[in-house]
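Line order of the protein sequences matches chains H and A. Once you know that position 294 of the first sequence is 293 in numbering that gives the first Met the number 0, the rest is easy, because the numbers rise by one and skip nothing. Once you know that position 95 of the second sequence is 94 in numbering that gives the first Met the number 0, the rest is easy, because the numbers rise by one and skip nothing.
You may find that some hints are simply not true.
Just a sample of chain H residues kept apart from chain A, beta carbon distances all over 10 Å, derived [stated by the list, open to error]:
#, residue
1, 63
2, 82
3, 170
Computed footprint of chain A on chain H; a stretch qualifies when at least three of its residues, placed anywhere within it, have a C-beta under 8 Å from a C-beta of chain A [said to hold, decoys possible]:
#, stretch
4, 97-107
5, 120-132
6, 202-212
7, 305-315
Just so you know, the hints here were simulated from the structure itself, not pulled from any lab data. Glycine residues also receive a C-beta, built at the ideal position from the N, C-alpha and C atoms.
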Amino acid sequence: MLSLVVRRLGLLVVVLFGLSLLLFAWVRALPGDPARALLGEKATPAGIAAVNERYGFDQPVWQQYLTYLGQIVRGDFGASINTGEPVVTTFFERFPATIELSIAALVLAIALGIPLGYLAARRRGGWLDNIVVGWSLLGVVVPVFFLAVILKYALAIQFGWFPTSGRQNARIDATHITNFYVLDGLLTREWDASWDALVHLVLPALALGSIPLAIIVRITRASVLDVLSDDHVRTAQAKGLPRGVISRRHVLRNALLPVSTTLGLQAGALLSGAVLTETVFSINGIGSYLFDAVTQLDYPVLQGFILFIAVVYALVNLVVDVSYGFIDPRVRVS
Amino acid sequence: MSAVDVLGTPAPAEATGEAGAGPWLSAWRRLRRNPSGIVGAVIVLVFVLVAIAAPLLAPYRPATSEWFGEVTPTTVPGPSDEHLLGLDSFGSDLLTQLIYGARSSLVIGVVSTAIGLAAGAVLGILAGGIGGKVDTIVMRVVDVLLSIPALLLAVSVAALLGRGSFSIMLAISAAQVPIFARLLRASLLAQRGQDYVVALRSLGLRQRRIVVGHMLPNSLGPVLVQATLTLATAVIEVAALSFLGLGDPNPAVAEWGRMLVTAQDRLDQAPHLALYPGIAIAITALGFTLLGEALREALDPRSSR
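Kindly produce the complete structure, drawing on both the sequences and the hints.
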């Protein structure tokens with residue numbers, strides 16, 4: 000188990016090194032002179048030279064890369080060219096919003112998806128099964144951002160049950176420690192702040208959760224069907240074990256294996272979907288920041304964020320693979 | 000990796016159909032009997048026809064903002080005799096915009112899938128056909144590509160090439176390359192040990208000839224299925240990227256994703272502006288998904304469940 004983690008972390012280092020090279024080359028290949036872009040219409044040769052010197056754009060490319068690599072290793076990702084804010088600071092301000100949304104969506108999808116998939120498989124061909132299969136197809140083809148717009152219109156604008164945008168009511172003067180607003184409220188015992196942040200999360204999480212929900216339902220259903228016809232389930236039934244015990248210990252535990260691997264593969268889709276959902280509900284996550292960086296050629300921000308996201312993405316997949324070993328002891332042996 | 004071998008094995012032609020019926024013909028027969036496949040095929044056909052015949056079908060020209068004067072800050076004119084679905088918020092005919100939106104979705108979707116398929120196929124053939132060190136290197140590159148979430152990949156491409164349809168195409172295909180590369184590699188590896196390949200090799204055929212002339216045609220089925228399913232995601236991704244503002248800089252352009260963005264500003268006055276393009280995206284994606292899954296079942300009857 001430990002060797003798996005070590006090996007995977009080693010691979011992560013290799014991948015990150017390749018990625019840093021790629022990002023470095025990519026950012027240098029962007030159209031437009033960064034110094035000129037930064038200074039805009041007021042660009043004078045002297046001004047450009049000054050900016051180049053300050054950010055090191057005038058040095059040989061290999062030296063720029065070495066400097067960049069050295070800074071990364073020390074945890075220094077530079078500062079945004081536009082705002083002057085350190086990239087790391089902004090990352091820890093913005094990323095929690097995106098992660099909070101993704102986690103809420105995933106929790107919702109798991110809480111709904113596994114029972115629904117299980118029940119659908121248990122009564123295969125029944126009305127619930129038909130609805131679940133139909134809806135899960137719909138979840139695949141309806142774009143997240145469209146669903147988000149519909150939910151916003153129906154439940155926020157028409158009925159006013161939920162807020163239309165933002166992460167927390169501006170009138171609530173909450174203290175933020177981790178920038179996970181729900182968690183912050185719990186930590187500081189400001190229950191109303193926590194509750195308000197949670198209410199703000201409902202619609203975005205519903206919209207974003209539609210992607211993993213559809214997939215979780217489909218895979219749970221298919222793998223429960225698989226396991227139900229297995230010999231060991233028939234044996235358990237023949238032994239006269241109670242139905243509940245068979246379901247929990249013999250069916251669900253085996254059926255959830257494929258579900259847990261797909262969850263890891265969904266991390267990327269979830270992130271992309273989160274960025275889209277953020278724009279609909281005006282949530283200040285990484286989405287808007289990243290797109291501003293693209294339009295304004297903010298090199299340090301682009302490099303830093305993509306590297307951060309790749310790390311998070313890789314770690315999520317690692318965690319999923321390790322948890323796979325906990326759910327299925329057979330994996331640990333082989 | 001050995002599990003892939005079983006999945007990628009195509010059934011021998013003789014086993015799947017009656018005497019004289021090739022695998023493609025018997026697949027066609029199975030496809031015709033699949034109701035959801037027919038629904039999917041009809042949707043796809045209508046979508047393609049609308050996209051191609053857009054200038055004939057659309058009552059006006061797209062993105063003209065011709066009736067901009069009729070749009071006020073608080074109202075967008077609804078359906079009338081001249082405009083069956085009303086106007087959009089830029090003063091163009093909504094029906095015309097929707098019809099031309101099909102056209103740009105089709106063009107971007109098909110071109111990007113073609114590029115992704117071609118590039119992925121080359122990588123997959125290199126990896127699966129040659130094997131050894133080439134295989135290792137290619138698959139590492141694919142792993143790095145996969146380690147970047149598709150949307151970030153797309154954003155990077157768009158940043159590199161500037162905003163516009165072309166960068167959306169490349170962005171979407173960049174995300175598809177690993178999918179096709181892995182698919183073809185797995186399929187080629189699965190066939191490598193099969194009797195007919197061994198036989199061809201013992202006949203003295205060159206590796207390249209065996210791969211291109213014999214193994215590749217046998218991988219056509221899964222590739223076709225994947226390409227159809229990929230078109231469904233491509234249609235959604237086209238909309239997603241232009242929703243994020245990476246597409247054509249002109250905000251009035253006839254593109255479903257862009258129409259959805261601008262509709263958001265007037266969601267409380269004119270929700271139908273968001274509803275129509277959203278439904279159009281969903282139905283088109285549904286069509287390609289149904290067709291793709293029906294194709295999968297038709298080409299590989301054992302996979303149906």
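Status of each hint after checking the structure:
1. Consistency note on residue 63 of chain H: stated as away from chain A, and its beta-carbon is indeed over 10 Å from all of that chain's, at 18 Å minimum.
2. No Cβ of chain A approaches the Cβ of residue 82 of chain H within 10 Å, the least distance being about 18 Å, so the stated non-interface status holds.
3. Against the 10 Å criterion, residue 170 of chain H stays outside the reach of chain A, whose nearest CB is about 22 Å from its own CB.
4. Here's how the stretch 97-107 of chain H fares: 0 of its residues keep a CB closer than 8 Å to some CB of chain A, so the rule of at least three is not met and the hint is violated.
5. By the rule of at least three residues with a Cβ nearer than 8 Å to a Cβ of chain A, the coverage given for the stretch 120-132 of chain H is violated, with 0 such residues.
6. Residues of the stretch 202-212 of chain H lying with their CB closer than 8 Å to a CB of chain A number 0, which falls below the three-residue condition for coverage.
7. Counting residues of the stretch 305-315 of chain H whose CB lies closer than 8 Å to any CB of chain A gives 5, so the stated coverage by that chain holds, three being the minimum.
Checked against the numbered hints listed earlier, the structure breaks hints 4, 5 and 6; every other hint is satisfied.
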